[in-house]
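Read top to bottom, the protein sequences are chains A and B. Numbered according to the working numbering, the first sequence spans residues 1 to 499. Numbered according to the working numbering, the second sequence spans residues 1 to 316.
Careful, some of the hints might be misleading.
Calculated pairs, SDA-like style, for lysine to any residue (alpha carbon to alpha carbon, straight line, at most 20 Å) [to be verified]:
| id | chain 1 | residue 1 | chain 2 | residue 2 |
| --- | --- | --- | --- | --- |
| 1 | B | K194 | A | Q460 |
| 2 | B | K194 | A | V451 |
| 3 | B | K212 | A | T345 |
| 4 | B | K182 | A | T345 |
| 5 | B | K239 | B | N169 |
Simulated restraints, written as ranges between beta carbons of each label pair [unchecked claim]:
| id | chain 1 | residue 1 | chain 2 | residue 2 | range |
| --- | --- | --- | --- | --- | --- |
| 6 | B | I315 | A | W192 | 21 to 27 Å |
| 7 | A | V386 | B | I315 | 57 to 63 Å |
| 8 | B | K239 | A | A475 | 43 to 49 Å |
| 9 | A | L17 | B | K296 | 27 to 33 Å |
| 10 | A | R283 | B | E235 | 58 to 64 Å |
| 11 | B | T175 | A | I168 | 40 to 46 Å |
| 12 | B | T135 | A | P130 | 28 to 34 Å |
| 13 | A | L15 | B | D272 | 26 to 32 Å |
| 14 | B | D264 | A | G339 | 26 to 32 Å |
| 15 | B | G210 | A | Y414 | 51 to 57 Å |
If you are wondering where the hints come from, they were derived from the structure by calculation, not from laboratory data. Glycine included, C-beta positions come from ideal geometry on N, C-alpha and C.
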Amino acid sequence: MTNIFADFLSSLSLLNLGLAFSGVVAGIIIGALPGLSATMAVAILVPFTFSLEPSSGLIVLGAIYTGAIFGGSWSAILINTPGTPSAVATTFDGYPMAKSGNGDLAMSISCMSSFVGGIVGVICLALFAPPLASISLKFGPTEYFWLAILGLTLISTLAEGDNIKSLIGACLGLLMSMIGVAVIGGDMRMTWNISFLNSGIEIVSAMIGLFCIPVILDLTSMKGKHLSENVTPKSLRLKESFLIIYRKKFETLRGALIGTFIGILPGAGGSIASIVSYGEAKRSSKNKDNFGKGEPEGLIASETANNATVGGGFIPTLCLGIPGTPPDAVILGALLVQGIRTGDTLFTEQSSIVYTFIFGLLLATIMMLPLGLLMGRYAYKSIIKVPREILIPIIIFLTIIGSYSIQNNILNVYFMFFFGLIGWILNRAGFKASPIVLGLVLGQIAEQGFVQAYIIGNAQDNILANYFARPISIALVLFILMGLFLPTLKRIYNRRKNA
Amino acid sequence: MKLKSYISKFFAVLSLMTISLSAANAVVTNIIPFGPGGESDVTARMQQSYYKNIYNDDIVVQYKPGGGGGVGWASLNSEKDDGSVIMGVNLPHIIMQPIAKGDAAGYKTDDINVFSFFHYTPDAILVEASSPYNTLEELLDFAKKNPGNLTFSGSGTYSANHLLTISLNQKAKVTTTYVPFKGTGAAVQALLGKQVVASAGYSTVAAAQGSKVRMLAVASEERLPAFPDVPTFKELGYKIVSGAYRGYALPKSASKATVKEWSDRIMKINADPAFIKQMEDNAFVVVNIGHKEMKKFMKEQIKENEKIAKELGLIK
Numbered sequence: 001m002t003n004i005f006a007d008f009l010s011s012l013s014l015l016n017l018g019l020a021f022s023g024v025v026a027g028i029i030i031g032a033l034p035g036l037s038a039t040m041a042v043a044i045l046v047p048f049t050f051s052l053e054p055s056s057g058l059i060v061l062g063a064i065y066t067g068a069i070f071g072g073s074w075s076a077i078l079i080n081t082p083g084t085p086s087a088v089a090t091t092f093d094g095y096p097m098a099k100s101g102n103g104d105l106a107m108s109i110s111c112m113s114s115f116v117g118g119i120v121g122v123i124c125l126a127l128f129a130p131p132l133a134s135i136s137l138k139f140g141p142t143e144y145f146w147l148a149i150l151g152l153t154l155i156s157t158l159a160e161g162d163n164i165k166s167l168i169g170a171c172l173g174l175l176m177s178m179i180g181v182a183v184i185g186g187d188m189r190m191t192w193n194i195s196f197l198n199s200g201i202e203i204v205s206a207m208i209g210l211f212c213i214p215v216i217l218d219l220t221s222m223k224g225k226h227l228s229e230n231v232t233p234k235s236l237r238l239k240e241s242f243l244i245i246y247r248k249k250f251e252t253l254r255g256a257l258i259g260t261f262i263g264i265l266p267g268a269g270g271s272i273a274s275i276v277s278y279g280e281a282k283r284s285s286k287n288k289d290n291f292g293k294g295e296p297e298g299l300i301a302s303e304t305a306n307n308a309t310v311g312g313g314f315i316p317t318l319c320l321g322i323p324g325t326p327p328d329a330v331i332l333g334a335l336l337v338q339g340i341r342t343g344d345t346l347f348t349e350q351s352s353i354v355y356t357f358i359f360g361l362l363l364a365t366i367m368m369l370p371l372g373l374l375m376g377r378y379a380y381k382s383i384i385k386v387p388r389e390i391l392i393p394i395i396i397f398l399t400i401i402g403s404y405s406i407q408n409n410i411l412n413v414y415f416m417f418f419f420g421l422i423g424w425i426l427n428r429a430g431f432k433a434s435p436i437v438l439g440l441v442l443g444q445i446a447e448q449g450f451v452q453a454y455i456i457g458n459a460q461d462n463i464l465a466n467y468f469a470r471p472i473s474i475a476l477v478l479f480i481l482m483g484l485f486l487p488t489l490k491r492i493y494n495r496r497k498n499a
Numbered sequence: 001m002k003l004k005s006y007i008s009k010f011f012a013v014l015s016l017m018t019i020s021l022s023a024a025n026a027v028v029t030n031i032i033p034f035g036p037g038g039e040s041d042v043t044a045r046m047q048q049s050y051y052k053n054i055y056n057d058d059i060v061v062q063y064k065p066g067g068g069g070g071v072g073w074a075s076l077n078s079e080k081d082d083g084s085v086i087m088g089v090n091l092p093h094i095i096m097q098p099i100a101k102g103d104a105a106g107y108k109t110d111d112i113n114v115f116s117f118f119h120y121t122p123d124a125i126l127v128e129a130s131s132p133y134n135t136l137e138e139l140l141d142f143a144k145k146n147p148g149n150l151t152f153s154g155s156g157t158y159s160a161n162h163l164l165t166i167s168l169n170q171k172a173k174v175t176t177t178y179v180p181f182k183g184t185g186a187a188v189q190a191l192l193g194k195q196v197v198a199s200a201g202y203s204t205v206a207a208a209q210g211s212k213v214r215m216l217a218v219a220s221e222e223r224l225p226a227f228p229d230v231p232t233f234k235e236l237g238y239k240i241v242s243g244a245y246r247g248y249a250l251p252k253s254a255s256k257a258t259v260k261e262w263s264d265r266i267m268k269i270n271a272d273p274a275f276i277k278q279m280e281d282n283a284f285v286v287v288n289i290g291h292k293e294m295k296k297f298m299k300e301q302i303k304e305n306e307k308i309a310k311e312l313g314l315i316k
């Protein structure tokens with residue numbers, strides 16, 4: 001115990017505090033700019049951490065990562081464009097809140113929720129990492145397949161507006177997810193002999209196009225300001241946001257736990273976490289009908305979950321040497337170069353580095369609260385103050401920079417605009433961007449899981465058992481059936497009762 | 001109020017400057033045509049500090065992932081040719097992709113001006129620590145008795161991992177099932193979670209996972225220094241020497257002097273005993289194939305890979 005305390009003190013050195021501070025600030029800004037990702041920022045900074053102590057280097061990388069995941073919520077709230085795929089669900093209620101003049105409230109709530117989510121994730125990392133890592137190994141291809149299907153069925157319940165149109169949008173996304181060279185089998189699918197398409201549709205540039213371009217076009221054609229201003233624009237509305245979260249404390253904690261749990265599954269990531277959390281929040285909420293129209297509860301669900309995946313994602317990274325997310329992969333590489341071996345022994349043999357890192361992550365998450373609130377206030381104010389004529393070119397400029405920098409490829413920019421055009425047309429016809437993007441993200445996970453499970457089941461001479469007779473799959477299938485049929489059954493029951 | 005906004009403005013500008021400066025300051029960009037965390041990335045990261053010690057300059061690693069590296073290689077010849085940009089290349093990828101995909105690969109093997117291969121990771125067969133199979137013989141016995149039931153997880157289709165299982169099927173006359181995953185991480189996850197019986201991976205997996213996995217055989221010429229007890233396939237009677245070579249390439253238009261200079265730089269890092277130790281500890285095998293030996297080496301590799309491609313039915 002004294003050892004851990006010493007690690008805690010060493011993480012509090014002035015240098016480490018300064019590093020965590022600047023890491024969080026840089027991370028938030030990077031995350032807020034669509035297309036600039038945590039992965040990129042962490043990758044650029046890795047060589048500079050080599051001249052630092054291993055633990056200090058890790059602290060700055062972790063701080064940037066935490067900041068960036070939170071920063072993604074800003075663009076989701078202010079310009080309806082998720083900064084990262086994990087912020088897709090944040091647009092559902094964040095943007096409507098901003099539109100109706102509650103942008104400052106949304107920014108404050110998102111910061112506080114991210115804080116709670118981040119703290120819960122880090123605490124789980126510190127206390128339960130090895131047992132949670134062994135749970136993540138119970139998830140095989142079959143479970144990933146069902147988890148992705150669960151995410152897809154939630155689309156119909158959570159999306160705003162027309163259910164049928166959401167499902168059609170999701171199918172469109174699924175279809176697009178199959179473009180490119182198949183991971184399994186290596187077939188070339190729908191590539192039209194364009195070599196750029198071999199690697200499939202790049203998700204982030206498609207996302208920027210589908211979400212952001214329609215907003216810009218609407219902004220251009222509309223009169224007046226982008227977001228309507230609040231009556232009392234001077235406060236952070238701290239008390240109000242705190243009370244909302246305090247009243248929803250169980251919901252907040254639930255979002256954080258869902259995020260942590262899905263975070264420990266490598267490759268599942270923040271997008272599934274925030275969708276599942278949002279779906280669960282909507283299902284169990286009393287204000288169901290208000291979801292998608294600016295319900296703070298929806299915002300809380302999404303933001304707690306995606307920041308909880310940060311701590312959760314480090315669990316397989318540190319315990320199993322299997323990176324939970326792309327930024328984790330960069331950090332894992334940095335660990336290897338420093339000569340640190342991951343694995344269960346990391347928590348016993350090299351515990352001081354690990355615990356200093358965990359405390360650093362905790363520190364960064366705590367710093368994120370005041371920094372996020374203050375910086376968020378400034379970001380919100382500039383967005384509502386800046387005249388449209390200046391705002392539009394700035395956003396367009398950022399979307400171009402963002403989509404270029406994903407793979408340093410100009411083709412991504414063209415694709416972004418192409419998707420923007422499609423998104424705008426579909427938007428006119430009542431199709432929303434989020435089901436398409438979720439279909440695109442979940443389609444790849446679902447397809448790989450399905451085919452791998454089929455191959456393995458075939459080799460075991462029992463395909464059906466491999467899909468349906470595993471304990472976790474049974475639970476997931478039950479959730480899926482509940483999500484699909486419970487609303488209908490309830491409606492029928494209510495109708496009978498009323499009749 | 002004004003002060004506060006100035007303070008936040010200041011920090012915003014400061015942090016953006018740090019990031020852009022750190023990118024601009026770099027003289028050399030090393031483009032890795034994969035995502036972060038893989039073997040190409042890790043070894044490039046290991047070189048970074050040695051390069052800085054010798055040349056007092058930074059190499060910045062940039063990722064240009066997609067198409068199993070193909071997206072990056074298709075754009076190699078449009079990069080700057082003054083030696084300020086190098087790109088990671090891998091074998092068998094740059095030979096197998098153009099064979100398997102034809103024109104759609106976006107590049108031909110000949111287009112890639114490889115100037116050095118500095119290491120390779122031998123293929124290996126691994127099982128999870130609690131697996132009942134202690135030797136390759138025991139594992140193959142199971143496969144013989146139960147055709148098709150032996151599952152191998154591995155990274156990708158037509159990859160080094162995949163080709164290893166095909167060679168093993170032919171040389172040991174067994175039928176096994178290969179299950180492709182997206183990346184080494186996912187393949188290892190399936191192995192540790194006992195979703196598959198064994199894994200066709202690289203020796204580096206055994207080094208990274210330590211006591212959680214058991215390496216049954218390694219496809220190198222000789223036993224690895226980090227694993228003196230693990231036999232090679234050759235010793236066990238299967239003539240399989242395979243794995244993935246990693247090196248660097250320049251655009252075709254680069255001058256001879258640039259090519260030579262870069263080849264020398266990489267070889268100089270390769271000669272550092274501390275670098276060699278770090279590589280060997282992680283089960284990478286250091287090789288020194290510079291620009292002089294490259295022509296001959298590539299010719300052999302192309303011949304070897306075309307043979308495998310014929311067996312796979314990719315070339316008729």
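Hint check:
{"no.": "1", "hint": "K194(B) to Q460(A)", "result": "holds, 13 Å"}
{"no.": "2", "hint": "K194(B) to V451(A)", "result": "holds, 17 Å"}
{"no.": "3", "hint": "K212(B) to T345(A)", "result": "holds, 11 Å"}
{"no.": "4", "hint": "K182(B) to T345(A)", "result": "violated, 27 Å"}
{"no.": "5", "hint": "K239(B) to N169(B)", "result": "holds, 12 Å"}
{"no.": "6", "hint": "I315(B) to W192(A): 21 to 27 Å", "result": "holds, 24 Å"}
{"no.": "7", "hint": "V386(A) to I315(B): 57 to 63 Å", "result": "holds, 60 Å"}
{"no.": "8", "hint": "K239(B) to A475(A): 43 to 49 Å", "result": "holds, 48 Å"}
{"no.": "9", "hint": "L17(A) to K296(B): 27 to 33 Å", "result": "violated, 56 Å"}
{"no.": "10", "hint": "R283(A) to E235(B): 58 to 64 Å", "result": "holds, 60 Å"}
{"no.": "11", "hint": "T175(B) to I168(A): 40 to 46 Å", "result": "holds, 43 Å"}
{"no.": "12", "hint": "T135(B) to P130(A): 28 to 34 Å", "result": "holds, 30 Å"}
{"no.": "13", "hint": "L15(A) to D272(B): 26 to 32 Å", "result": "holds, 29 Å"}
{"no.": "14", "hint": "D264(B) to G339(A): 26 to 32 Å", "result": "holds, 27 Å"}
{"no.": "15", "hint": "G210(B) to Y414(A): 51 to 57 Å", "result": "violated, 46 Å"}
Violated hints, in rising order: 4, 9, 15; the structure is consistent with all others.
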